[in-house]
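2 protein chains.
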Amino acid sequence: MITRMSSLFLRTLREDPADAEVPSHKLLVRAGYVRRVAPGGYTWLPLGLKVLRNIEAVVREEMDAFGAQEIQFPALLPKEPYEATNRWEEYGPNLFRLKDRKGADYLLGPTHEEMFTLTVKGEYSSYKDYPVTLYQIQTKYRDEARPRAGILRGREFLMKDSYSFDLTDEGLSESYKNHRDAYIRIFDRLGLEYVIVSATSGAMGGSASEEFLAVAETGEDTFVRSTESGYAANVEAVATPAPAEQPIDDKPAAQVHHTPNTPTIETLVDFLNANTDRKFTAADTLKNVLVKVKQPGKDWELLAVAVPGDREVDFKRLEAAVEPAEVAMVDEADFAKNSFLVKGYIGPGAIQSNGIRFLADPRVVKGTAWVTGADKADHHVVDLVVGRDFTPDGVIDVAEVREGDASPDGKGVLVAARGIEIGHIFQLGRKYADAFSLDALGPDSKPVRITMGSYGVGVSRLVAAIAEQSHDDRGLIWPRNVAPADVHVVVAGKDETLMSAGEDFAKQLSAKGLKVLLDDRKASPGVKFADAELVGIPTILVVGRGLKDGTVEVKDRRSGERVEVPVAEAVEHLVQVVTS
Amino acid sequence: MITRMSSLFLRTLREDPADAEVPSHKLLVRAGYVRRVAPGGYTWLPLGLKVLRNIEAVVREEMDAFGAQEIQFPALLPKEPYEATNRWEEYGPNLFRLKDRKGADYLLGPTHEEMFTLTVKGEYSSYKDYPVTLYQIQTKYRDEARPRAGILRGREFLMKDSYSFDLTDEGLSESYKNHRDAYIRIFDRLGLEYVIVSATSGAMGGSASEEFLAVAETGEDTFVRSTESGYAANVEAVATPAPAEQPIDDKPAAQVHHTPNTPTIETLVDFLNANTDRKFTAADTLKNVLVKVKQPGKDWELLAVAVPGDREVDFKRLEAAVEPAEVAMVDEADFAKNSFLVKGYIGPGAIQSNGIRFLADPRVVKGTAWVTGADKADHHVVDLVVGRDFTPDGVIDVAEVREGDASPDGKGVLVAARGIEIGHIFQLGRKYADAFSLDALGPDSKPVRITMGSYGVGVSRLVAAIAEQSHDDRGLIWPRNVAPADVHVVVAGKDETLMSAGEDFAKQLSAKGLKVLLDDRKASPGVKFADAELVGIPTILVVGRGLKDGTVEVKDRRSGERVEVPVAEAVEHLVQVVTS
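Sequences listed follow chains B and P, in order. Going by this note's numbering, the letters in the first sequence line up with residues 1 to 580, in that order. Going by this note's numbering, the letters in the second sequence line up with residues 1 to 580, in that order.
Okay, chain B solo, but in the shape it has when bound (with noise of 0.2 Å):
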C-alpha cells in the first residue's frame, strides 16, 4: 500500500500547539496525527488514525488468542442498570448524563461492568456455560476534571475493557493470570517500557488488582520500584515490612515528661534532647492521629493511626486501606464532642480507655520503646513500651512510602518513579454478580454465585504512551508494530528521475506486501526530511544525490544510522529490515 503526501491529509506544524505540555501531545499535534476538537476531544487525522488501528489489532489479536469472545455495547447506556450498583450517583460528576426526547435518563458509559453482568446473565444458567470472557474495544466517556495532555487523558477514549465470568475463586484467579499473560504479549509487541505494579481497586471495590504502568517522566501515576529487584508498585499498594519484635524486659519504665509548649515533633524531639540526657529522633517518637470512617450504610466514627513521628500519614494510602469505608480528617466539632482528646498531647491511654479503635504502623511491634503524647497539654510519656504499657488494636499499613526505604521484597531499596496507566487488571469478585443475581445452576441444581475479573486497555491512550517513550527532539520514533507505515521514501529533490525513481521503489515495496509513505511533493529536501524526522516512520528510504551514481540512503530514524545501498539492492534491504 503507497500513501502519497502529495495528496495525503496532512499538514505538518513547525510550532508547538500553545496548549501542549506533554512531549506526545506536541509531537501527535505537530506531526499531524491529532487534531483537538474539545477539552479531551481529538480527531484523528489519517496517520493518527492508522496507528490506532495498528494498536488495536494487536490487542484484539491477543485477547482472541485465549478465547475471549468480542461484542459491544452501546455507549449510550440507560440509567438504571447504573443505579442499581449505585455508580449512577457514585461517579458523581465524572459522568456525562443526559435525557433522550421522552425525558428519560441515561449516560455516556464509563466502564460496562452492569451491562457486561446483565448480558451473561441474560444468555447463560447453567454451570456448564462457564467459565466466559468477553470484550469489546469501545468509545469511552469519562468527564473529566482536568482533561489534559492530549489524548493522554481525553474525555472520549478508546478502551478495550473485558470481564471474566467464573464459577470459582480458582477459576477467577487463572482468567486473571490468563489476561495478565495476553498484556505483557500486548506491551511486548508494542515495544513498551513497562512495570506491572501492585495496585489498590479505586473505586470499583474488590481485591486482587495490578497496573500496567508505562514508564514515563510525564506519567500521571507515582510508584516506587526497587533499586535491585524487579519489584514495583503503587505507592498504596507497598506493604511495609514489620521489623522483628524486642525484648520487653530490658526497656526501662515509662516515664512523663513535662514537655511544655512541644505540639509539634519537631518541638518535642528538641526540648528531649536538651533536657534529657538520651538523644531521641523523630521516628523514636508515636504520632497519634486521629481520623473519622464511615463503613458504607453505617455512621462515621473515629479511628486513631498511630505512625512513627518522621512520617505524615499518606491519605491516599489511608483511604485505600480502610475501603470501602469513606475516610476524613477530623475537625474542631469532633475534638469538642470528645474531650479527652488533648490536641498535640494525644496518647494511646486517652484513645484505648474511650473506646476509639486503635491501629498502628507495621514498625510498632511487641517490644519497641515510644516517646508519645501523655493525654495532657503539655505532657509526654518517654519509653511507652507496646505488649507492655499498650497494645494497638491492630496494623494500618498508611505511612508516608519514602526513597530510601527498604524494598518489601527485601532486595534493595525503593525509589519514586512516574508511568502513565495502560492496562488494569482486576479481581472484582462477586460485587457485580451480587447486584444483579447473576447465578449458575449448579450441578447439583442449587445456585452458584459467579465471580468476575475485570480487565482494561487504554489502546488511545497507548498511541500517546507509546510516543511519550519513544521520540526526541525532532520528533516521533515509531516502533515497527504501530508504524504508520514501514519504510518513508523521501524523494530529495523535485527533478523527473528522482520523482519516479521514488515512485518505482514504492511500487516495489507495495509489492512486497510493505506499507509505504511516499513524500512525491514538491517542496524542498530540507523540509521533506524534517517532516520524515517529525512523522517518525522507523526506517527511511533517501533517493537522491547518490541515485546517478546508483545508490540511495536507507536511514533508521531511531539510531540515526545512514547506510549507502545499490539501487539494486534497495528493495531487498528494506525487506530484510523491516521484517527483522
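Just so you know, not all the hints are guaranteed correct.
List of simulated lysine-lysine pairs, DSS-like, C-alpha gap at most 30 Å [claimed, not checked]:
no., chain 1, residue 1, chain 2, residue 2
1, B, Lys512, P, Lys431
2, B, Lys522, P, Lys121
3, P, Lys522, B, Lys177
4, P, Lys431, P, Lys121
5, B, Lys512, B, Lys522
6, P, Lys79, B, Lys99
7, B, Lys128, P, Lys507
8, P, Lys50, B, Lys512
9, B, Lys292, B, Lys251
10, B, Lys121, P, Lys79
11, B, Lys102, B, Lys128
12, B, Lys494, P, Lys121
13, B, Lys279, B, Lys376
14, P, Lys515, B, Lys128
15, B, Lys494, P, Lys128
16, P, Lys494, B, Lys446
17, P, Lys279, P, Lys251
18, P, Lys366, P, Lys292
19, B, Lys494, B, Lys79
20, B, Lys99, P, Lys494
21, P, Lys431, P, Lys79
22, B, Lys121, P, Lys494
23, P, Lys177, B, Lys507
24, P, Lys522, P, Lys507
25, B, Lys121, P, Lys121
26, P, Lys26, B, Lys79
27, P, Lys494, P, Lys515
28, P, Lys512, B, Lys515
29, B, Lys128, P, Lys494
30, B, Lys316, P, Lys102
31, B, Lys177, P, Lys128
32, B, Lys128, B, Lys446
33, P, Lys79, B, Lys79
34, P, Lys79, B, Lys102
35, B, Lys279, B, Lys343
36, B, Lys522, P, Lys446
37, B, Lys102, P, Lys26
38, P, Lys337, P, Lys298
The set of hints was computed from the structure by calculation and includes no laboratory data.
Please build the complex by placing chain P on the supplied structure of chain B, with the hints as guidance.
Here is chain P on its own, set in the frame of chain B:
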C-alpha cells in the same frame, strides 16, 4: 479460524421477541446476533459483530480504493459549530444534547458536516491542496421519535459518512460520481438488491441527490419504479411529464355556470354531467389549493397551487418543492384576512388579481381547458383556457403520484415499491463552506469558495437490510461476503468418532484459510440442524451417519440443495464452493 459453538457466547431462541415486527429484527435476535439494551440501542453479540465488521471492511476497501482518506471525529461534539449553521436548533428533539460538568453544551453527533468543514479549513489553504475526500466510519446518534425494527432504525448506529471538497462544480460532479460508483461496488459486493432513486435533499440543503434503497416490503421509504425501464425515484422526486401544448383557437369561450352546492370536485362533476350535455371527469377540473410559505428570514405569504381535480396535493412533494422554505396549510384566520377567497369556489382570477403567487401542475399547459372556481359561491367557470383566460406564474410538481402514471422516462408506467435507505449521495454545494468561510487561495491569489458533497452509508443498518432481503422461515441466509463464517460444520451426533472427524474437518478447512463455525455441542442433531438454519452460514457440512460409509453431506443454506461428498474430497469441495 475456528469458532466452537461449545464455547461461543451464543444462545439461540425458539420464540420471536415480543417487540419485533419485521423479519430481520426477529431473526437477528433469535439467532443471537444482537440484543436490545434500550429503545434503539443494541448490543452486538459475537456473530453479529463479525457480520458488522465484514460489512465495514467492504465499505472501507471501496472508499480507500478511490482515494478517500479515513479520519475519525469524536462523537461528543461542542455546540458552537452546530450553532453556526443553525443545526443546533433545526435538529429539534432528534438531537441528543447534554452538558458537561462545567455547564458547557455538547451534542452527540448525528452527522459531521460542520466538523469536516472546519477540519479542512484548519489544514488546507491553497487551491493546490484540493480536491480532497475524507470519511469516517463512526457511531452516530439520533434521538428518533420512534426507534423501530431493531437495528434498522436505532438511536445509536454505525455509519460511514464522507465529504468531498472541490474547487469547482465540475470537480464536485466528479467526486459525486466517484462515490456513486463506489456505492454500486459496495452494495453489489454485499449481494443486495437495490435501486438508486432520485431524492430530495431532506434537512441538509443543496441540489443533486440520490438515495440507494434496498428493496424490501418492510422498508420505511416508498418509491416508484417503472414497469419497463430502470427508472426509480422517491415520490418527492418524480417529475411529471408535461403533455404537448394545444391550440387555443378551437376552444369554446369560458362560461360561468351557476353550480349550487358543489364545493367538492365530486359534487361539481356530478352537477355538470347532470346539467350540461358534455361529460366531465375530475381530471377536467382544476383544484386551486391555498397554502402558505415562509422563506428563510422572511414572513409567511400565501401561495396558490393548482392541480387537476382528480389528484390531491402530496404534502411531502410540496415540502420538497418549496425547500428551503417552510410550508403550512392555511387556516380560517387566513381566509378571514383574504375575503376574496371564496372557499370551495376559488379560481385563478381572484388569486392573480390579488397578487398571490399562482403555480400550476405540469399538466396545466398552454391550450388546456379547465373547469374551476369562479370566485363566487355556488359558481364555477367551464373552459377556462391556459394562455387565453389565465396564465400561471410558474410550474409546481406536487400532485400525488399514482401507480399507473406514465414513467417520466417515457417507458412503461409507475408502480409503488418500498425500500430501506442504505446509502445517500448528495451535492451539498457551498452551504457549509459559506457558513465557515471555507476558501482556497486561488492561483490568482483570490479566494475560491469550496463546494462540498456529502455521502452516507448506514453500516449497521446494512446488517438488517441484508437480513431483510435474505432469509426464509427457518432463519437467516447470509451472502458469502458478509457471513460470520464460510462453513458451518455440524457434528450430527455425540459419539467420539463423529466429534473428532468434525474437529478434523474444521482444522483442515481453517488451514485452507476458511472461517469455520464448528457445532461441537452435545446437543441433538435436530437442535443443531435447526440452529444451523437459523444462524444462516451459507454452506453447511454435516458430519453424520454417512461417515461410516465414507461420506459427508454438504448443504447449501439458500437453495437447500444437499450433496453427498466422499470424505477424502470434502475439504477440496468446500474450498471450491466457498471461493467460486
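Results for each hint:
no.	hint	result
1	B/Lys512 - P/Lys431	violated (45 Å)
2	B/Lys522 - P/Lys121	holds (22 Å)
3	P/Lys522 - B/Lys177	holds (29 Å)
4	P/Lys431 - P/Lys121	holds (14 Å)
5	B/Lys512 - B/Lys522	holds (27 Å)
6	P/Lys79 - B/Lys99	holds (16 Å)
7	B/Lys128 - P/Lys507	holds (24 Å)
8	P/Lys50 - B/Lys512	holds (29 Å)
9	B/Lys292 - B/Lys251	violated (33 Å)
10	B/Lys121 - P/Lys79	violated (39 Å)
11	B/Lys102 - B/Lys128	violated (42 Å)
12	B/Lys494 - P/Lys121	holds (28 Å)
13	B/Lys279 - B/Lys376	holds (23 Å)
14	P/Lys515 - B/Lys128	holds (26 Å)
15	B/Lys494 - P/Lys128	holds (16 Å)
16	P/Lys494 - B/Lys446	holds (27 Å)
17	P/Lys279 - P/Lys251	holds (16 Å)
18	P/Lys366 - P/Lys292	holds (26 Å)
19	B/Lys494 - B/Lys79	violated (60 Å)
20	B/Lys99 - P/Lys494	violated (52 Å)
21	P/Lys431 - P/Lys79	holds (18 Å)
22	B/Lys121 - P/Lys494	holds (28 Å)
23	P/Lys177 - B/Lys507	holds (27 Å)
24	P/Lys522 - P/Lys507	holds (19 Å)
25	B/Lys121 - P/Lys121	violated (49 Å)
26	P/Lys26 - B/Lys79	holds (26 Å)
27	P/Lys494 - P/Lys515	holds (23 Å)
28	P/Lys512 - B/Lys515	holds (26 Å)
29	B/Lys128 - P/Lys494	holds (16 Å)
30	B/Lys316 - P/Lys102	holds (26 Å)
31	B/Lys177 - P/Lys128	violated (55 Å)
32	B/Lys128 - B/Lys446	holds (13 Å)
33	P/Lys79 - B/Lys79	holds (24 Å)
34	P/Lys79 - B/Lys102	holds (21 Å)
35	B/Lys279 - B/Lys343	holds (25 Å)
36	B/Lys522 - P/Lys446	holds (22 Å)
37	B/Lys102 - P/Lys26	holds (26 Å)
38	P/Lys337 - P/Lys298	holds (19 Å)
When each numbered hint is compared with the structure, violations occur for hints 1, 9, 10, 11, 19, 20, 25 and 31.
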